[in-house]
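Residue numbers (this note's numbering): 5 to 384.
There could be a bad hint or two in this list.
Claimed, not checked - Between beta-carbon pairs, the in silico distance windows are:
| no. | residue 1 | residue 2 | range |
| --- | --- | --- | --- |
| 1 | Lys326 | Arg218 | 32 to 40 Å |
| 2 | Leu359 | Ala217 | 38 to 46 Å |
| 3 | Lys154 | Gly373 | 33 to 41 Å |
| 4 | Asp363 | Asp143 | 43 to 51 Å |
| 5 | Asp307 | Glu278 | 40 to 48 Å |
Stated by the list, open to error - BS3-like cross-link-like pairs, simulated, lysine-lysine; straight-line CA separation at most 30 Å:
| no. | residue 1 | residue 2 |
| --- | --- | --- |
| 6 | Lys91 | Lys374 |
| 7 | Lys303 | Lys326 |
| 8 | Lys108 | Lys215 |
| 9 | Lys91 | Lys180 |
| 10 | Lys105 | Lys91 |
| 11 | Lys215 | Lys237 |
| 12 | Lys267 | Lys237 |
| 13 | Lys215 | Lys267 |
| 14 | Lys91 | Lys108 |
| 15 | Lys267 | Lys326 |
Hints are computed from structural coordinates only; laboratory data are not their basis.
If you're wondering where the values come from, they're calculated on a predicted model, not measured in any experiment.
Note that the Cβ used here is the ideal one computed from N, Cα and C, for glycine as well.
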Amino acid sequence: MRQVVSPGFIDIQLSGAYGVDFSNGPGLNIEDILLVARRLLANGVTSFCPTMVSSSRETYRQVIPLENASATILGMHLEEPFFALSKCGAHDSKHIVAPSKGMKSVREAYGFDASSDDADDDEHPLEEVDIITMAPELDGASEAMRSLTKHQYSDNKHSIVISCGHTEASYEDGIKALSNGANLLTHLFNAMNPFHHRHRGLVGLLSSELKLARLGLNQPYYSMIVDGIHVHKSAVSMAYKSHPHGCVLVTDAMAGMGLGDGKHSLGDMSVFIEGDRATILGTDTLAVLFLDTCIRRFKQFTDCSIGEALLCATLHPAMVLKRHIAGREDILTVGAVDGAPIGVLQVGAASDLVLLNDDFEVLGTWVRGKKAVEQLPKQN
Numbered sequence: 005m006r007q008v009v010s011p012g013f014i015d016i017q018l019s020g021a022y023g024v025d026f027s028n029g030p031g032l033n034i035e036d037i038l039l040v041a042r043r044l045l046a047n048g049v050t051s052f053c054p055t056m057v058s059s060s061r062e063t064y065r066q067v068i069p070l071e072n073a074s075a076t077i078l079g080m081h082l083e084e085p086f087f088a089l090s091k092c093g094a095h096d097s098k099h100i101v102a103p104s105k106g107m108k109s110v111r112e113a114y115g116f117d118a119s120s121d122d123a124d125d126d127e128h129p130l131e132e133v134d135i136i137t138m139a140p141e142l143d144g145a146s147e148a149m150r151s152l153t154k155h156q157y158s159d160n161k162h163s164i165v166i167s168c169g170h171t172e173a174s175y176e177d178g179i180k181a182l183s184n185g186a187n188l189l190t191h192l193f194n195a196m197n198p199f200h201h202r203h204r205g206l207v208g209l210l211s212s213e214l215k216l217a218r219l220g221l222n223q224p225y226y227s228m229i230v231d232g233i234h235v236h237k238s239a240v241s242m243a244y245k246s247h248p249h250g251c252v253l254v255t256d257a258m259a260g261m262g263l264g265d266g267k268h269s270l271g272d273m274s275v276f277i278e279g280d281r282a283t284i285l286g287t288d289t290l291a292v293l294f295l296d297t298c299i300r301r302f303k304q305f306t307d308c309s310i311g312e313a314l315l316c317a318t319l320h321p322a323m324v325l326k327r328h329i330a331g332r333e334d335i336l337t338v339g340a341v342d343g344a345p346i347g348v349l350q351v352g353a354a355s356d357l358v359l360l361n362d363d364f365e366v367l368g369t370w371v372r373g374k375k376a377v378e379q380l381p382k383q384n
C-alpha cells in the first residue's frame, strides 16, 4: 500500500479537547494544555491555535498569559466577544460587545488596561494572539481592524490576523473589512448570512477575484468545518471550487472531542455529545471531529487529489499566519529553530511530519524531526 509524507497538520481553530476547555480561566493550567498538545499528535496535528470562546474579561486575563506552554502551540485565536448578537451560535450572548471605542474596546474586552487606545502600547497583551474573529459591520470594527493589523507585536514582527465571523455582514461590508486588513473568514457558511442570488454576503467574496484585484485587494482565506454536519458536502465542494487556494480546514472542536458520548462543557455551558454531533440546548451542532477525519471527508466531498486536500490543512493555514516563510522567531512558542517555516516540506523548514496511508490514516507523526513519544490510539 502506498504511503504519503505530509507536513504536520495545522489547526487554527481548536477550542479544546480531551476534557480541556481553553476558555476555562481558573481551571486551566500548563499540564492541561500539554495534554492536548501531546494527544493531538496521534491525529497528525503538530501545531494549533488554542481558541477561546466568548468569556468574561477575567477569563481572558487569566488564560492569555498561559499560552506559551508548549512548542506545538501557536498564538491564540480569540473567537471573542465582537459578534453580531443574532449570530452568537453556541457563544454566551451576555459577553457579546461592539468594539465601539476601537482599540480601547479591544483592550477592555480582554480585561487589560483600557486607558490607552493605542495598539503600540508596549504592555499590550495581544503579542500572544494570532487571530481575532470580529463582525466587520459592528460600530468601531473598522478602526479596531486597522489598529490590530497595522501593528507588529513584540520584536518578532508578529501581527494579528483579523477574521470576519459571527456576523450579519453584507458583501460590501466584507470588501470594507478586507480594505481594513482582514484576510480570513471564520467557519464559512456558519454564523453568517447565507449566499443569496441577490445578496451575496461574505460567501460572495470567494468568487470576486477580479473585482478585488481591481481594488488592490486579495481574496480572503476561509476556514470550514468539514464534518458533514456543519456544512453540506455540496456547499463544501462549491466553496472549494470557487476559491481552492484559500481553503483552510479547521475542527473548531470543543472540550468533548476525544471523550465520546456524554455531557461536557464549553466555557460556562453544558454540551451533549452523541456520535459526530454535539449540541447545546437551543443551538445548532458543535464540532467534535479530529482534523484527519475532516481531511478525509473533505477529499470525499470535493473529489480533489490527496495533495490538494493536504494543502488545506498544512500550507494554507500556515499562509494565513505567515508561518510558511522563514523569519518568525515565534514560529513555535518554545524551541523554535531560527523561525523555521511550518506547513511545507523544504530545506530549512520545521521537521513536523505526518506519515499517512492511502486512506488518510495516520501511521506516524514527527515533531521537529523526532517521532512522537506518545502515539495514542486514533479517534474519529
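Now the hints, each set against the structure:
no., hint, verdict
1, Lys326 x Arg218: 32 to 40 Å, "25 Å, violated"
2, Leu359 x Ala217: 38 to 46 Å, "39 Å, holds"
3, Lys154 x Gly373: 33 to 41 Å, "36 Å, holds"
4, Asp363 x Asp143: 43 to 51 Å, "49 Å, holds"
5, Asp307 x Glu278: 40 to 48 Å, "30 Å, violated"
6, Lys91 x Lys374, "43 Å, violated"
7, Lys303 x Lys326, "25 Å, holds"
8, Lys108 x Lys215, "34 Å, violated"
9, Lys91 x Lys180, "20 Å, holds"
10, Lys105 x Lys91, "21 Å, holds"
11, Lys215 x Lys237, "27 Å, holds"
12, Lys267 x Lys237, "28 Å, holds"
13, Lys215 x Lys267, "47 Å, violated"
14, Lys91 x Lys108, "23 Å, holds"
15, Lys267 x Lys326, "37 Å, violated"
Consistency with the previously given hints fails for numbers 1, 5, 6, 8, 13, 15, ordered from lowest to highest.
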